[in-house]
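> Residue numbers (numbering that gives the first Met the number 0), protein chains in the order written: chain B, 0 to 456; chain X, 0 to 456.
Keep in mind the hints are simulated off the structure, nothing from the lab.
Every value quoted in this text rests on a predicted model; they were computed, and no experiment measured them.
Mixed in with the good hints there might be a few duds.
Lysine-lysine pairs mimicking BS3-like chemistry, simulated, CA-CA at most 25 Å apart [stated by the list, open to error]:
1. Lys228/X to Lys266/B
2. Lys213/X to Lys195/B
3. Lys228/X to Lys232/B
4. Lys232/X to Lys245/X
5. Lys185/X to Lys232/X
6. Lys232/X to Lys261/B
7. Lys228/B to Lys245/B
8. Lys213/B to Lys66/X
9. Lys388/X to Lys228/B
10. Lys364/B to Lys421/B
11. Lys185/B to Lys232/B
12. Lys81/X to Lys364/B
13. Lys388/X to Lys314/B
14. Lys66/B to Lys232/X
15. Lys128/X to Lys66/X
Single-letter residue listing:
Number of protein chains: 2
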Amino acid sequence: MEEQNENIKFSISDALINKVEQLVDSQNDEAILELLNEYHHADIAEILEDLSTNQSTYIIKLLDSDKTSEILMEMDEDDREKILATLSTKEIAEEIEELDTDDAADMIAELPDYRQEAVIAQIEDQEHKAEIQELLTYDEDTAGGLMAKELVRVNENWTVTECVKQMRAQAEEVTRVHSIYVVDDKEKLIGRLSLKDLLMASPRAHISTVYIPKVDYVDVNEDVEDVAKIMQKYDLEAIPVVDENKVLLGRITIDDIVDVIKEEAEKDYQLAAGITQDVEADDSILQLTRARLPWLFLGLIGGVGAFIIMYFFEKELPEEAVILFLFTPLIAAMAGNVGVQSSAIIVQGLANDDVKGSINNRLIKEMLLAALNGIILSIFLFFFVFAWKQEFNLALAISVSLVVVIIIAGLIGTFIPLFLDKRGIDPAIATGPFITTSNDIFGIVIYLLISKSILGF
Amino acid sequence: MEEQNENIKFSISDALINKVEQLVDSQNDEAILELLNEYHHADIAEILEDLSTNQSTYIIKLLDSDKTSEILMEMDEDDREKILATLSTKEIAEEIEELDTDDAADMIAELPDYRQEAVIAQIEDQEHKAEIQELLTYDEDTAGGLMAKELVRVNENWTVTECVKQMRAQAEEVTRVHSIYVVDDKEKLIGRLSLKDLLMASPRAHISTVYIPKVDYVDVNEDVEDVAKIMQKYDLEAIPVVDENKVLLGRITIDDIVDVIKEEAEKDYQLAAGITQDVEADDSILQLTRARLPWLFLGLIGGVGAFIIMYFFEKELPEEAVILFLFTPLIAAMAGNVGVQSSAIIVQGLANDDVKGSINNRLIKEMLLAALNGIILSIFLFFFVFAWKQEFNLALAISVSLVVVIIIAGLIGTFIPLFLDKRGIDPAIATGPFITTSNDIFGIVIYLLISKSILGF
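Using the sequences plus the hints, can you model the full thing?
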C-alpha cells in the first residue's frame with residue numbers, strides 16, 4: 000500500500016498540458032478519465048486553468064459532478080465564470096448539489112443575476128436549497144456571508160449514545176468535525192463538545208453533564224476581518240455563528256479565514272503599489288489598465304502641479320538659481336520614500352490592532368524618527384554639495400530643506416492613514432501613489448521656499 | 000450556564016490597564032488573580048504588553064505556569080524577551096514544561112545562546128526535553144522548524160479498541176486531534192484515520208483494515224513557504240512531517256501556517272514600502288531607523304545621481320531649455336509609479352505561483368500595457384503643455400519622452416523581480432525604493448536625451 004502515499008509536490012509541466020490537450024482534442028474520454036483520476040482536484044483545477052475554455056469545459060462535462068464541483072471551486076474566479084457561462088442551469092445546479100453550502104452560495108452569487116434564480120430552482124435537495132437561499136441573504140463581508148450551514152449539533156438532553164448515533168447521520172455531510180455544538184430545545188447555542196471528549200465519555204452520560212458551557216461565537220453580522228482577527232488571536236479552528244437570540248446558524252472554519260487573510264494582505268499590497276481592484280499578473284491588458292491607470296493619472300496631476308509651482312518660482316529666481324531645480328527629483332524622491340515608509344507602518348499596525356495611544360504621540364514619535372533620519376542624510380548631502388560647488392549657503396539650503404521635507408513627509412505619512420482610519424475609510428488607500436504624489440508637491444514647495452530664504456533671492 | 004457564553008470581542012481600555020497597574024503596584028495578589036481569571040490568555044498577553052516590564056514580570060511570577068506559558072507565547076517577541084530576561088533558568092524551564100514542543104523550541108531559540116543550554120538542562124520531563132532538543136536541530140525556515148512532536152499515532156496492527164485506549168493516553172497531551180496517523184512497526188507513516196472514522200468503525204476491527212492508505216506528507220527539510228502553499232492548496236488542517244525514510248517525525252497544523260502566511264505578506268508589504276527587518280509601529284526609534292535608513296540612503300544616492308546627470312545636461316543646453324528641468328519630477332514620479340506597479344504584480348504572482356509562461360511573453364505584455372497607459376497619459380500631458388506654452392516641439396518632446404519612460408519603467412519593473420527570482424533571490428526586494436530609484440535615474444536620462452534630440456539643442 001505504501002506506494003499510494005505521496006509527497007505532495009505537484010507542478011504542472013508543459014508536457015502534461017500538451018498531453019491533456021491532445022486527449023481532449025481527439026476526444027479520447029477514457030484516457031482523459033484514466034489520466035486525471037491520478038490527480039487531486041486542486042491539481043486538476045490548475046491544469047484546466049491552462050487550457051482553453053472549450054477544452055476545460057469538455058473535461059468538466061466529462062468528469063463526475065462530485066469531482067467537478069470541487070475542481071470549479073479551486074479555479075480562478077475568471078476561469079470558473081467562463082466555464083459556468085457555457086453550462087446549462089441544470090448542469091450548474093448539479094454542481095451546486097455537491098458543494099457545501101458556503102461554496103454553493105459563493106458559486107451562485109458569482110452568476111449573472113438572471114441565471115441565479117433559474118439555477119436555484121433546479122436544486123433538488125430542498126434542505127440544501129433553503130440553506131443556500133438563507134446564505135445568499137447575508138452580506139459577503141460578514142460572518143453570515145462566510146459561514147457554512149454544515150455542522151454537527153446535538154441537543155443537551157441526549158445521551159452520549161444517542162448523540163453518536165445522531166452524529167453518524169449528520170457527520171456524513173460534514174467533511175471535518177471540529178467541534179460538536181450543543182444547543183437547547185430552542186436551538187440556542189449553549190456549549191460545545193470535542194470529538195475527543197465524546198470518545199472519552201461514558202456512553203450513558205447525558206450531554207448536559209459532559210458538555211463545555213464556555214463557547215466562543217460570533218454574531219452573524221460581524222465583519223469578516225474581525226472574525227479573522229478573533230480566530231487568529233484565540234487560535235480557533237472553527238467558530239459558531241449565531242443570530243441576535245444566540246440561535247446557532249452556522250460555522251466558520253479556519254481555511255476560509257486563511258483566504259480572508261490572504262485577500263486582505265494582497266489588497267493592501269496592491270494599494271501600496273498603486274493598483275486598485277483585485278488583479279493578477281495573468282489578467283488582460285484592459286483589466287490591468289483599469290487597475291493601474293487611475294493611480295498613474297493621479298501621479299501625472301501631481302507632476303503637473305509640481306511643474307506649475309516650479310514654473311512660478313523660476314520666474315522669480317535669478318539665473319544662477321537654476322542649480323536648485325536639479326535637486327528637485329532628489330527632494331521629491333526622499334519625500335515620497337519617507338511618506339510611504341511611515342504610512343506603511345501605520346497601515347500595518349492598524350491592520351493588526353497594534354497602534355495604541357494617541358495620534359499626537361504617534362506624530363511626535365514620527366517627527367523624532369524623521370528628524371534623526373533626515374539629519375543623518377542631510378549631513379551626507381551637505382558634504383556632497385559643498386565638495387561639488389564649494390558654496391556653503393547652497394549646501395546649507397539644500398540640506399536644511401531635506402531635513403524639513405523629510406520631517407513633514409513623515410508627519411503626512413503618519414497622519415493621513417490615522418485620519419482615514421478614524422473616519423472609517425480603509426487607511427491602505429493612503430499608501431503608495433497618493434502619499435508620494437502629495438509629498439512630491441509639498442516637498443518641492445518647502446524646498447524652494449527654504450532655499451529662497453537662505454540664499455536670499 | 001448561559002451567562003458564561005461569550006461573544007468574544009475584547010478590547011483593552013485605559014481603565015482596565017490602570018486598574019491592573021494599581022493592583023500590581025499595591026501588590027494586591029488576590030485581586031489580580033481574581034481579575035485576570037476572567038480573561039483568555041491572549042487577552043492577558045495584550046494587557047501585559049501595555050505594562051512596564053517590572054509590572055508584567057510581577058504578574059507572570061504570580062500566575063500558574065500553565066497559564067503564563069500560553070500568555071508568554073501570545074506576547075510580542077520583544078516584550079517576551081524582556082520578561083524572560085528577568086526570569087531564572089529554572090523559572091523559564093517551568094514555562095517550557097507546559098508548552099507544546101514547537102512553542103517550547105521557539106521560546107528556547109529566542110534566548111541568548113549562553114542561557115539556552117542551562118534552561119534545557121532544567122527541563123524535568125526527559126521525553127519532552129529530548130523532543131525539544133530534536134526540534135532545535137532543524138532550520139527554522141523548514142518543516143522541521145515549524146512542526147510539533149505532539150500527535151496521535153497508532154500501529155497498523157492494533158484493533159480499534161486498543162487504539163482508542165492508547166489514544167486516550169496520547170490525546171491527553173495533544174490539544175487538537177486532527178488526524179490519527181497510522182504507522183508500521185518501523186514507525187514509517189503508512190496512512191491516516193480521522194476521529195470520525197474511528198468513531199464509526201467496529202471496535203473489533205483491525206486498524207490495518209480501516210485506515211486510509213492515502214496520506215499527504217511533507218519532508219522535514221521542506222521550505223515553510225512551500226508547506227504553506229501545499230496546505231492552502233489542498234485545504235489541509237494538519238500535515239505529517241517525515242524524514243527521508245518516511246519515518247513519522249511530527250506534524251504541522253494550519254494555525255502555524257496562518258502565522259507563516261501573515262509574516263510573509265507583512266515582509267513583502269514592508270519591502271515594497273522600503274522597510275527591512277520585521278518592525279512594528281511600536282518599536283523604538285532606533286529599531287525603526289535601522290529598518291528605514293538604508294532605503295532612504297539608497298534614495299539619496301539615486302537623487303544625487305539624478306542631479307549629476309542633470310548637471311552635465313544643463314551645461315550643454317541653452318538657457319531657454321531650463322523649462323525641461325521643471326518636468327523632471329513628473330518624469331521621475333511616473334517612472335517610479337509604473338515600475339512599482341509592474342514589479343508588485345510580478346512579486347505577488349510569483350508568491351502565488353501564478354506566473355506561468357516565458358519571461359519574454361511577460362515583457363511583451365508589460366510593454367503593450369505600459370504603451371497603452373503611456374499613450375493615454377501622454378495625450379493629456381501634450382495638450383497641457385501645448386496649452387501652456389504653445390510650443391508644439393516642446394509638448395511633443397515631453398509627451399514622447401513620457402511614453403518611452405513609462406514603457407522602459409514597466410519593463411524594468413517586470414524584469415528585475417523575474418530575474419531575481421530565477422537567481423533564487425527574494426523578488427520582493429526589487430519593489431519599492433530599489434525600483435523607484437533606478438527608474439528615477441533611467442527616466443531622467445531617457446527624458447533629457449529624447450528632448451534634446453527633438454528640440455535639436
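> Work down the list of hints and note, for each, if the structure agrees.
Verification of the hints:
1. Between Lys228/X and Lys266/B the alpha-carbon distance is near 19 Å, which keeps this suggested pair within the 25 Å criterion.
2. Among the hinted pairs, Lys213/X with Lys195/B is consistent with the structure: their alpha-carbon atoms are about 23 Å apart, no more than 25 Å.
3. Among the hinted pairs, Lys228/X with Lys232/B is consistent with the structure: their alpha-carbon atoms are about 22 Å apart, no more than 25 Å.
4. Restraint check for Lys232/X and Lys245/X: satisfied, since their Cα atoms lie roughly 22 Å apart, inside the 25 Å limit.
5. With a C-alpha separation of about 31 Å, the suggested pairing of Lys185/X with Lys232/X is violated against the 25 Å cut-off.
6. Our distance criterion of 25 Å between C-alpha atoms is met by Lys232/X and Lys261/B, whose separation comes to about 13 Å.
7. Between the alpha carbons of Lys228/B and Lys245/B the distance comes to roughly 21 Å, so the proposed pair stays at or under 25 Å and holds.
8. At most 25 Å may separate the alpha-carbon atoms for a hinted pair to count; Lys213/B and Lys66/X meet this at roughly 17 Å.
9. About 55 Å separates the Cα atoms of Lys388/X and Lys228/B, which puts this hinted pair outside 25 Å; it is violated.
10. This hinted pair checks out: Lys364/B and Lys421/B have alpha carbons roughly 19 Å apart, not beyond 25 Å.
11. This hinted pair does not check out: Lys185/B and Lys232/B have alpha carbons roughly 31 Å apart, beyond 25 Å.
12. With a C-alpha separation of about 22 Å, the suggested pairing of Lys81/X with Lys364/B holds against the 25 Å cut-off.
13. For a cut-off of 25 Å, the pair hint linking Lys388/X to Lys314/B stands: about 14 Å separates their Cα positions.
14. Distance check on the hinted pair: Lys66/B and Lys232/X sit about 16 Å apart at the alpha-carbon level, within 25 Å; holds.
15. For the suggested pair Lys128/X and Lys66/X, the alpha carbons sit about 20 Å apart, so the restraint of at most 25 Å is met.
Of the numbered hints stated above, those contradicted by the structure are hints 5, 9, 11, listed in ascending order.
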